[in-house]
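Trainee: Letter by letter, the chains look like this.
2 protein chains.
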Amino acid sequence: MNGRVFGFLMFPAFEELDLVGPWEMATMWGAYAGGPRCVTVAAAPGSLRCAKGLAVAADHGFEDCPKLDYLLVPGGFSAFVTMRDAPTLDFVRRQVAGARAVLSVCTGSFILAAAGLLEGRAATTHWKALPRLAEWPGVIVRQQRFVRDDTVWTSAGVSAGIDLMLAFIAAEDGAEAAGKVQFNAEYYPDGTLHGIAHQVPEAPAYIKALA
Amino acid sequence: MNGRVFGFLMFPAFEELDLVGPWEMATMWGAYAGGPRCVTVAAAPGSLRCAKGLAVAADHGFEDCPKLDYLLVPGGFSAFVTMRDAPTLDFVRRQVAGARAVLSVCTGSFILAAAGLLEGRAATTHWKALPRLAEWPGVIVRQQRFVRDDTVWTSAGVSAGIDLMLAFIAAEDGAEAAGKVQFNAEYYPDGTLHGIAHQVPEAPAYIKALA
Numbered sequence: 001m002n003g004r005v006f007g008f009l010m011f012p013a014f015e016e017l018d019l020v021g022p023w024e025m026a027t028m029w030g031a032y033a034g035g036p037r038c039v040t041v042a043a044a045p046g047s048l049r050c051a052k053g054l055a056v057a058a059d060h061g062f063e064d065c066p067k068l069d070y071l072l073v074p075g076g077f078s079a080f081v082t083m084r085d086a087p088t089l090d091f092v093r094r095q096v097a098g099a100r101a102v103l104s105v106c107t108g109s110f111i112l113a114a115a116g117l118l119e120g121r122a123a124t125t126h127w128k129a130l131p132r133l134a135e136w137p138g139v140i141v142r143q144q145r146f147v148r149d150d151t152v153w154t155s156a157g158v159s160a161g162i163d164l165m166l167a168f169i170a171a172e173d174g175a176e177a178a179g180k181v182q183f184n185a186e187y188y189p190d191g192t193l194h195g196i197a198h199q200v201p202e203a204p205a206y207i208k209a210l211a
Numbered sequence: 001m002n003g004r005v006f007g008f009l010m011f012p013a014f015e016e017l018d019l020v021g022p023w024e025m026a027t028m029w030g031a032y033a034g035g036p037r038c039v040t041v042a043a044a045p046g047s048l049r050c051a052k053g054l055a056v057a058a059d060h061g062f063e064d065c066p067k068l069d070y071l072l073v074p075g076g077f078s079a080f081v082t083m084r085d086a087p088t089l090d091f092v093r094r095q096v097a098g099a100r101a102v103l104s105v106c107t108g109s110f111i112l113a114a115a116g117l118l119e120g121r122a123a124t125t126h127w128k129a130l131p132r133l134a135e136w137p138g139v140i141v142r143q144q145r146f147v148r149d150d151t152v153w154t155s156a157g158v159s160a161g162i163d164l165m166l167a168f169i170a171a172e173d174g175a176e177a178a179g180k181v182q183f184n185a186e187y188y189p190d191g192t193l194h195g196i197a198h199q200v201p202e203a204p205a206y207i208k209a210l211a
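Residue numbers (my numbering), protein chains in the order written: chain P, 1 to 211; chain G, 1 to 211.
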């Protein structure tokens with residue numbers, strides 16, 4: 001992965017864990033298994049406020065962002081605003097044209113769709129947004145934790161980006177690399193199902209299969 | 001939880017997901033189930049760089065931090081530096097004295113230990129640091145994903161903070177609240193074990209039980 005760069009897109013009110021879950025896995029890929037260098041990028045470098053109030057800052061703006069080998073797009077309710085922002089869509093299209101893969105988490109898939117990157121692709125999103133994604137012309141919606149369609153990877157909501165990124169590392173660099181990341185991030189969830197909120201008709205098929 | 005405040009401690013080079021995993025769960029508790037208001041606090045308000053390079057900012061300094069009902073302490077290699085910082089230990093002790101509970105993730109447990117909060121307590125930490133925690137006088141080390149000892153909650157490494165926080169919400173506010181958070185954060189990990197890096201003698205008992 002020498003010299004490769006993994007970009008993480010930030011935009012106003014993006015959802016914290018959508019980005020930071022995969023960020024932690026990808027930066028551990030760099031630290032423990034020779035993975036790519038990770039950078040954050042937004043329309044302009046500097047401060048942003050996340051969906052749940054965390055203050056963060058982007059290292060690069062669209063203008064000074066290096067050529068990316070990989071791009072991850074997080075979601076959040078504000079993705080439905082960002083999906084109408086022409087400079088963001090231009091940036092995503094331009095970078096993805098030269099990249100090895102693009103990944104989205106949660107409603108980040110709507111930004112990919114708006115950029116024309118999900119045409120004829122299988123994809124997924126947060127369970128609340130599945131009906132809306134199903135209405136998008138040309139998108140084949142899957143009710144899975146994450147979906148790979150060639151070089152386009154999309155995940156279900158928020159925390160699903162962690163599973164997505166580990167599977168991506170395994171595909172791109174092998175199970176040994178993904179295993180080192182998983183062990184160092186100690187990602188062995190206990191699988192507890194709290195309460196019954198997920199036992200509703202709107203739950204995606206992969207969650208229904210658990211309960 | 002009306003009026004309660006949940007503080008998230010930041011310090012130089014804290015590990016990103018240690019804080020943001022539980023932060024996402026706790027802020028969703030606020031957004032979907034009437035949970036407490038969440039704030040970030042560091043020695044001084046303003047910019048910090050995380051362990052893996054993410055730029056963040058703390059909303060409060062120790063001086064202007066509101067009285068906290070709950071405090072979460074993340075880890076990272078730099079926790080072994082912060083555990084020797086007297087102002088941080090004073091702040092933690094002072095807030096915890098009036099709080100309902102204190103939680104740590106990963107090597108954050110060493111900051112609790114240095115503040116004298118793990119004396120006679122069962123606790124855990126990142127698998128790499130278990131031998132070091134076992135040497136700490138008065139700490140009863142458990143090789144579990146997370147440990148509750150009355151009002152002191154500690155977790156294993158990095159991603160374990162998510163399981164910790166969901167269990168904490170369930171204990172503090174009931175399974176229904178925790179379930180709403182879990183569903184909105186779509187935290188239903190797929191349980192994949194990548195590679196064999198975790199099949200080593202140093203792995204904690206709860207991971208050995210998986211493989």
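Honestly, I wouldn't trust all of these hints.
[Unchecked claim] Some residues of chain P that are not near chain G, with every Cβ distance over 10 angstroms (derived):
1. N2
2. A13
3. K52
4. D59
5. F62
6. S78
7. P87
8. L89
9. D90
10. A97
11. W136
12. V152
13. G191
[Stated by the list, open to error] Facing chain G, according to a computed beta carbon distance under 10 angstroms, are these residues of chain P, among others:
14. E16
15. M28
16. A31
17. T151
[What the hints assert, rightly or not] No farther apart than 25 angstroms at their CA atoms in a straight line, the calculated lysine to any residue pairs in the SDA-like style are these:
18. K52/P - D85/G
19. K128/G - F80/G
20. K128/P - A31/G
21. K208/G - E176/P
22. K128/G - G34/P
23. K52/G - A33/P
24. K67/G - K128/G
25. K67/P - L193/P
26. K52/G - R100/P
27. K128/P - G61/P
28. K128/G - K128/P
29. K67/P - G53/G
30. K208/P - L193/P
31. K128/P - L89/P
32. K128/P - P45/P
33. K128/P - D69/P
34. K67/G - E119/G
35. K52/P - R142/G
36. K52/G - L193/P
37. K52/P - Q143/G
38. K52/G - G30/P
39. K128/P - K52/G
40. K208/P - M83/G
Since the hints were derived computationally from the structure, they do not count as laboratory data.
Backbone N, C-alpha and C define an ideal beta-carbon position, used for all residues, glycine too.
Trainee: Taking the earlier hints as the rules, which of them does this structure contradict?
Mentor: As far as the earlier hints go, 3, 4, 13, 17, 18, 24, 25, 27, 28, 32, 33, 35, 36, 37, 39, 40 are violated by this structure, in ascending order.
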